[in-house]
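**Student:** What follows is each chain in one-letter form.
Protein chains: 2
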Amino acid sequence: MIHIAITAGGTEETIDGVRKITNMSSGSLSWFCLEAVLSYIEKHKIEAYTIHYIKASRAVTNELNAEQASHINFIEVTNTQSVYNAVETLMNEVDVDIFIHAMAISDFSYAYSVAKSDLAEEIYQHIAANKKISKKDIEAIITNPKSKHSADAKISSSQEIVMGFETTPKVISLIKKIKHNTFLVGFKLVKHNKDNHMIKQAEKLRLANNCDAVFANKASQLSVKGHAGVLLYKGEPVAHPIGKKEIAEAIVNLAFQKIN
Amino acid sequence: MIHIAITAGGTEETIDGVRKITNMSSGSLSWFCLEAVLSYIEKHKIEAYTIHYIKASRAVTNELNAEQASHINFIEVTNTQSVYNAVETLMNEVDVDIFIHAMAISDFSYAYSVAKSDLAEEIYQHIAANKKISKKDIEAIITNPKSKHSADAKISSSQEIVMGFETTPKVISLIKKIKHNTFLVGFKLVKHNKDNHMIKQAEKLRLANNCDAVFANKASQLSVKGHAGVLLYKGEPVAHPIGKKEIAEAIVNLAFQKIN
Numbered sequence: 000m001i002h003i004a005i006t007a008g009g010t011e012e013t014i015d016g017v018r019k020i021t022n023m024s025s026g027s028l029s030w031f032c033l034e035a036v037l038s039y040i041e042k043h044k045i046e047a048y049t050i051h052y053i054k055a056s057r058a059v060t061n062e063l064n065a066e067q068a069s070h071i072n073f074i075e076v077t078n079t080q081s082v083y084n085a086v087e088t089l090m091n092e093v094d095v096d097i098f099i100h101a102m103a104i105s106d107f108s109y110a111y112s113v114a115k116s117d118l119a120e121e122i123y124q125h126i127a128a129n130k131k132i133s134k135k136d137i138e139a140i141i142t143n144p145k146s147k148h149s150a151d152a153k154i155s156s157s158q159e160i161v162m163g164f165e166t167t168p169k170v171i172s173l174i175k176k177i178k179h180n181t182f183l184v185g186f187k188l189v190k191h192n193k194d195n196h197m198i199k200q201a202e203k204l205r206l207a208n209n210c211d212a213v214f215a216n217k218a219s220q221l222s223v224k225g226h227a228g229v230l231l232y233k234g235e236p237v238a239h240p241i242g243k244k245e246i247a248e249a250i251v252n253l254a255f256q257k258i259n
Numbered sequence: 000m001i002h003i004a005i006t007a008g009g010t011e012e013t014i015d016g017v018r019k020i021t022n023m024s025s026g027s028l029s030w031f032c033l034e035a036v037l038s039y040i041e042k043h044k045i046e047a048y049t050i051h052y053i054k055a056s057r058a059v060t061n062e063l064n065a066e067q068a069s070h071i072n073f074i075e076v077t078n079t080q081s082v083y084n085a086v087e088t089l090m091n092e093v094d095v096d097i098f099i100h101a102m103a104i105s106d107f108s109y110a111y112s113v114a115k116s117d118l119a120e121e122i123y124q125h126i127a128a129n130k131k132i133s134k135k136d137i138e139a140i141i142t143n144p145k146s147k148h149s150a151d152a153k154i155s156s157s158q159e160i161v162m163g164f165e166t167t168p169k170v171i172s173l174i175k176k177i178k179h180n181t182f183l184v185g186f187k188l189v190k191h192n193k194d195n196h197m198i199k200q201a202e203k204l205r206l207a208n209n210c211d212a213v214f215a216n217k218a219s220q221l222s223v224k225g226h227a228g229v230l231l232y233k234g235e236p237v238a239h240p241i242g243k244k245e246i247a248e249a250i251v252n253l254a255f256q257k258i259n
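Protein sequence lines correspond, in order, to chains A and B.
Sequential numbering of the first sequence, starting at 0, is according to numbering that gives the first Met the number 0.
Sequential numbering of the second sequence, starting at 0, is according to numbering that gives the first Met the number 0.
These aren't lab readings, by the way, just hints derived from the structure by calculation.
What you were told as hints is all true, and nothing was included just to trick you.
One copy or two, either will do: identical chains are not told apart, so a pair holds if it fits within one copy or between any two.
In silico DSSO-like cross-links for lysine-lysine, where the CA-CA straight-line distance does not exceed 30 Å:
| id | residue 1 | residue 2 |
| --- | --- | --- |
| 1 | Lys257 | Lys176 |
| 2 | Lys115 | Lys134 |
| 3 | Lys145 | Lys131 |
| 4 | Lys199 | Lys147 |
| 5 | Lys193 | Lys145 |
| 6 | Lys193 | Lys115 |
| 7 | Lys147 | Lys217 |
| 8 | Lys145 | Lys199 |
| 9 | Lys233 | Lys176 |
| 10 | Lys175 | Lys233 |
| 11 | Lys145 | Lys190 |
| 12 | Lys134 | Lys147 |
| 13 | Lys147 | Lys115 |
| 14 | Lys145 | Lys169 |
| 15 | Lys147 | Lys169 |
| 16 | Lys145 | Lys217 |
If we strip away everything but chain A, and leave its shape as in the complex, we get:
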């Protein structure tokens, strides 16, 4: 039995009852990966397989025939914590052979909001009340101000605000920790590519999370047909596919080649 896991779409972190922070990703590259897996599997007449498709609700899906659909385990997720939980459960329950982690995941979750003037007042009062104030004291206030809005209130619109965020657990680092020989594909999106920045960032991602392959690309290169980037295996460029379908095929073919 072959198990393939693919993550798709962008996470959503709730701010209050009416606002959220969205990581933008259509999920289309992930769907192309799913189709590339199905096409590989049909070509090689593999019969025992399951694709675990961990997706945000807005991630695109396309039509599947009944035979294909019977092999796909859709897992719906919302925020980063829910992705973390889903991946942890899956990795512990199933021997995943290939993990394509293409989802755009928020690095931050919302912690609080506070009016700028209230936060300034709180820091000012702290200085006034204490002869000595350290950087640590100030950072403690910024991390959890007493003057923050109450958690169950809708944020008022009349004052300028700042919002505080906490870092979220790193989903990608879980995968190889739980199963060392899963073939892990990570994705690195950079905004610019000055001085070979993209390859350096991809290497950083690989080394930190023990990825086998990384697909690195620039934000300016995101489009279905023109989408370009570089596929790295163990840090070495192995393909420069152009177009989402071609990128998905390059990734999936590399993964199957390496697990066989």
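Go by the hints and put chain B onto chain A.
**Tutor:** Frame of chain A; chain B shown alone:
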């Protein structure tokens, strides 16, 4: 010629190339309002009319026949500023008779992000360098820290951050300022309704923006069939419709009754 304007969906404020803040709204109540207008217009055999439908890209739409579609001017918007610009242009170009402003609009636009420790350090250094520090000095730093991330960089994931926001221009206040006798319907969504809070908030909205009618509702009451709330005309409750279709009909019937 009758002109009706309806706003629909939620705005999106960009944070960086990969993140945005979304105001959650499906736009379905607005679409029900559009359908209620069409139904009123057919019933009363009104022939000269245009519906200006200002919508976020994700706001739901439904099928229209060709005759109906020929009377609808769709205007696509994204962030609060784009809604402001669209409404300002429309109100100056067209004599709008009824304006149903149901869109969920962000009160804030993203200004900057900064690592918590960098912001704390900046405030601390300012204190160390100046014998006297005022609340105003601190607020100035919080409003525009020197240590903020550069605007064209993707926000780093390795440090805890705060984000600063600016207030956005109030779209609703524009409408009656430009044309005093447009019949304006505002919407007030509150999270709780303690101590008649909802009606008070609705009155505040009406008085600040010169609304003719306000539909007030609680976040916990948002659903297609069970959606409940109160329709106020000049501050007085005139209907307690339940269900989005019924709410839309109550609003549209009130508006046409008052402009005739």
